[in-house]
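Going down the list, the sequences are from chains A and B. Quick note on numbering: the first sequence equals residues 1 to 134 in the numbering used here. Quick note on numbering: the second sequence equals residues 1 to 729 in the numbering used here.
Hints are computed from structural coordinates only; laboratory data are not their basis. We put the beta carbon where it would ideally sit given N, CA and C, even for glycine. Any given hint could be a false lead.
[What the hints assert, rightly or not] Which chain A residues stay away from chain B? Per the calculated CB distances, all over 12 Å, these:
#1 13
#2 103
#3 110
#4 114
#5 126
#6 129
[Unchecked claim] To give a feel for the contact side, a few chain A residues facing chain B, derived at Cβ under 8 Å:
#7 62
#8 82
#9 84
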Amino acid sequence: MKVLVGDPGKCKLVHACEAACAKVLHKKTGRPHAAIRVDPVEGQPRFQVCNQCGECITVCPTGALTRAKSGIVLLKKDLCVACYMCVGFCPSLSMVRAEGVLPPFKCISCGQCVKACPEKALSLVEQPHEGLPS
Amino acid sequence: MAYDYTKRTDLKGDVDKQKQAHKVLKEITFKPALPQRGYNDRTLYVNLTDLTIEERPVTQQMKDKFIGGRGFGLWFLWNATQASTRWNDPENELIIAPGPLAGNTQYPGSGKSLVVTLSPMTDIPIDCNVGGYFGPLMKFCGFDALEIQGKAARDVILVIDGPKGRIAIEEAPLENVDSHVAAEVFTHQYADDEKDLPNVSVVSAGRAADHTRIGCLNFSWYDLRRKATRLKQAGRGGTGTVFRDKKLKALVVHGFPVKGDQNNPADLERIARIGVKMHKELHDFDDSQCHMRRQGTAHLVEIMDAYDLLPVHNFQYGNHPDTPRINSQVWDKRFTQGIPDGCWYGCSMACSKGADEHQVMTGPYRGHSNTVDGPEYETAAGVGANCGIFDPDWLLECNFYCDVYGIDTISFGTLCAFCMECWQRGILNAERTGGLEIKFGSGPAQLELMHQMAEGRGFGLIAGQGVARMKKIFAEKGWGEAQLLNDIGMEVKGLEFSQYMSKESLAQQGGYSLTNKGPQHDEAWLIFMDMVNKQIPTFEDKAEALFYFPIFRTWFGLNGLCKLPWNDIEPADNARTPEPAKVPEHVQNYCELFAGITGREIDRHELLRMSRGVYNFQRVFNLRQGKGQRAHDRPPYRAVGPVTVEEYTSRAERYDKQLKEILGVDPAGKSVEEKMALTREHREAQYEKLMDAVYKRRGWTPNGVPTLETLKEVGMDFPELVAVVEQHL
Chain A
1 MKVLVGDPGK CKLVHACEAA CAKVLHKKTG RPHAAIRVDP VEGQPRFQVC NQCGECITVC
61 PTGALTRAKS GIVLLKKDLC VACYMCVGFC PSLSMVRAEG VLPPFKCISC GQCVKACPEK
121 ALSLVEQPHE GLPS
Chain B
1 MAYDYTKRTD LKGDVDKQKQ AHKVLKEITF KPALPQRGYN DRTLYVNLTD LTIEERPVTQ
61 QMKDKFIGGR GFGLWFLWNA TQASTRWNDP ENELIIAPGP LAGNTQYPGS GKSLVVTLSP
121 MTDIPIDCNV GGYFGPLMKF CGFDALEIQG KAARDVILVI DGPKGRIAIE EAPLENVDSH
181 VAAEVFTHQY ADDEKDLPNV SVVSAGRAAD HTRIGCLNFS WYDLRRKATR LKQAGRGGTG
241 TVFRDKKLKA LVVHGFPVKG DQNNPADLER IARIGVKMHK ELHDFDDSQC HMRRQGTAHL
301 VEIMDAYDLL PVHNFQYGNH PDTPRINSQV WDKRFTQGIP DGCWYGCSMA CSKGADEHQV
361 MTGPYRGHSN TVDGPEYETA AGVGANCGIF DPDWLLECNF YCDVYGIDTI SFGTLCAFCM
421 ECWQRGILNA ERTGGLEIKF GSGPAQLELM HQMAEGRGFG LIAGQGVARM KKIFAEKGWG
481 EAQLLNDIGM EVKGLEFSQY MSKESLAQQG GYSLTNKGPQ HDEAWLIFMD MVNKQIPTFE
541 DKAEALFYFP IFRTWFGLNG LCKLPWNDIE PADNARTPEP AKVPEHVQNY CELFAGITGR
601 EIDRHELLRM SRGVYNFQRV FNLRQGKGQR AHDRPPYRAV GPVTVEEYTS RAERYDKQLK
661 EILGVDPAGK SVEEKMALTR EHREAQYEKL MDAVYKRRGW TPNGVPTLET LKEVGMDFPE
721 LVAVVEQHL
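Please build the complete structure, drawing on both the sequences and the hints.
What follows is the structure, given as structure tokens:
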């Protein structure tokens with residue numbers, strides 16, 4: 001599976017990734033609607049984004065969260081009851097929700113932020129997903 | 001050993017053939033609707049005698065005074081019945097009401113239904129708080145409550161079908177009445193297809209509810225991972241007995257697919273914010289606090305044992321060397337882990353654990369493989385330790401059949417333990433029980449008693465009447481002395497005790513006995529505050545706790561919420577707050593949740609005011625039905641101190657020390673009987689003082705009757721309530 005990975009050494013905190021993500025997911029521009037959040041922590045950029053670990057799949061009561069053949073964890077909105085347990089239980093705090101949007105959302109490794117980053121600080125890295133929750 | 005949670009015996013049979021045998025007695029169409037800000041402002045009334053089905057409006061006064069859930073149930077019951085009404089009169093009602101906050105999917109523990117009826121155990125109202133999907137699905141069809149009155153001539157089901165806009169009373173002659181089969185069959189009959197199965201919920205009892213007073217109701221939900229229906233119980237006080245007396249085989253609701261905003265809340269963002277905060281708390285702290293997600297309430301077994309609080313041998317003792325055989329480590333392995341076990345969407349506490357692939361050892365389902373829901377702490381302590389049975393397989397067997405037959409595990413555990421002690425003391429013997437050797441430690445005897453209850457035969461018919469009636473029967477037959485029977489029969493108001501030893505906690509003696517419905521821990525569980533943490537040393541402190549906690553906890557039942565996420569998970573800094581036992585941050589969450597859904601801002605004072613009105617209303621209701629006074633609030637001495645020489649001797653050091661330090665009596669040279677008498681005199685006097693202090697704090701007379709000033713203060717000075725109270729002033 002392709003997992004989004006950030007390089008703190010290259011990131012200049014211009015937040016272009018957040019803008020691109022919000023546009024793709026919600027046709028919005030603001031960071032609250034983005035599934036990637038980048039913040040400075042102790043002087044270094046920290047990327048808060050899904051690593052496709054699948055812990056959310058195990059807590060979802062309706063089966064709305066599943067792992068696709070590609071390995072990416074996807075949310076079926078029609079099955080989601082907006083309980084947000086996946087938000088509270090995400091180990092990397094990267095299942096998120098935004099005001100006015102009922103279902104939560106997450107990075108689906110679409111790569112739009114990779115293209116949008118002027119510093120080329122983001123990349124999609126192939127990683128194995130055998131043994132992870134599905 | 002690994003258990004496969006997808007495997008079990010298929011019990012459905014030919015569901016279509018069974019459905020074809022249904023005969024529609026009455027049906028109406030209705031317009032489904034979603035609530036606005038948590039209320040539909042509409043309830044459903046059904047009379048099984050004359051087949052009335054009608055919609056009724058909810059008034060603003062009902063919402064202001066009774067809020068919803070248990071409050072609505074009590075109000076309907078008050079209006080439907082009279083002082084002379086008993087549980088099996090046609091006018092008795094069975095009410096199911098979820099409450100205004102029920103059905104939200106964001107805050108843990110928000111799917112509760114409240115069941116209210118006149119109890120066959122106590123002759124006063126009983127209220128049960130139960131999970132499963134029935135209440136929320138019914139609410140999202142358009143009804144804030146379901147009121148059932150009358151009795152059918154033959155076994156019927158009531159179907160509320162939202163998507164089809166249909167409500168019907170149908171004769172259903174073929175289906176099995178036992179809950180694990182009934183829930184499975186009716187769910188498949190009324191779901192449109194496999195995807196639709198989670199949108200159906202069934203309420204059912206079981207065959208033992210036909211023959212005993214301790215019948216319970218099972219509320220189902222469809223477990224997507226297990227691909228099977230699961231059950232939660234409205235356990236206490238004989239709700240299932242009333243249900244079967246009305247010839248109800250099942251209630252079926254077929255609802256719409258659940259979404260996260262069907263309450264049309266005033267401020268979804270606010271609810272979502274505190275919901276996520278709670279989910280995160282459970283994620284971060286449950287593993288280091290109560291382990292509810294892995295063990296449910298069964299985590300309490302060894303804690304209670306360690307503090308001498310686990311009832312053993314009919315509450316004679318508080319611990320046992322074999323407790324490790326049924327403690328949380330056993331259940332942690334026996335429960336299937338890693339799948340969601342919430343009894344409503346969004347419950348991240350997920351304490352509805354399941355033990356899969358239980359191989360049934362006895363009775364009509366012998367040889368079947370089934371999932372057992374639980375055991376919860378109360379069941380493990382009640383049918384296990386209290387009966388001296390420390391075998392997890394027998395415990396699962398008993399838990400399974402209690403649910404299947406529609407029997408309350410708490411009352412069954414306590415009454416079975418009472419029978420076992422009666423055997424121990426020669427009050428019962430093989431001749432008197434028809435050959436049933438009902439001895440402490442015997443799992444097979446316990447199950448035989450259960451099957452006798454289910455089949456309506458033998459000693460099971462007597463035991464199924466409950467402890468209060470057994471005491472009377474045994475004394476009348478001259479099998480035992482009335483004094484001893486009254487001392488060891490663990491009931492108050494006719495309801496059996498739940499499973500905590502209260503001997504060393506005066507506050508908990510009140511927590512059990514100064515309750516509205518009978519000795520159930522859901523009003524006030526004060527043992528740790530009182531006995532372990534010593535936070536409420538004076539009578540005034542205890543009275544304050546017995547004022548605050550029962551009223552605070554009432555609020556969950558008014559709103560369709562579970563109590564557990566209030567204090568079975570705590571914020572990281574809770575211990576550093578001024579009143580950690582109240583979990584102030586979570587109280588604030590509830591204020592926000594109420595405001596977020598209903599749009600009405602409340603604070604913690606207003607929250608208490610809401611509950612205090614209903615709590616006092618229920619006390620006056622008890623008074624109208626002939627109870628609700630001081631004489632009905634006294635515990636059996638077993639709940640207060642050592643009844644027998646063995647009990648005293650087993651904790652002689654403790655009791656001798658108390659004689660010396662508290663009473664200033666030197667125990668040296670005194671016989672055990674003399675020391676027991678002194679202890680009893682002291683402890684019973686302490687309890688009387690506690691009653692005085694609690695009644696005063698609650699605004700009641702020394703006889704336990706709410707004063708007219710109190711009724712006015714809590715907004716319950718309706719003329720009909722005042723008239724009841726005035727007879728006792």
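Next item on the list: Sort out which numbered hints this structure fails and list those numbers smallest first.
Entry: Of the numbered hints given earlier, the structure breaks just one, which is hint 2.
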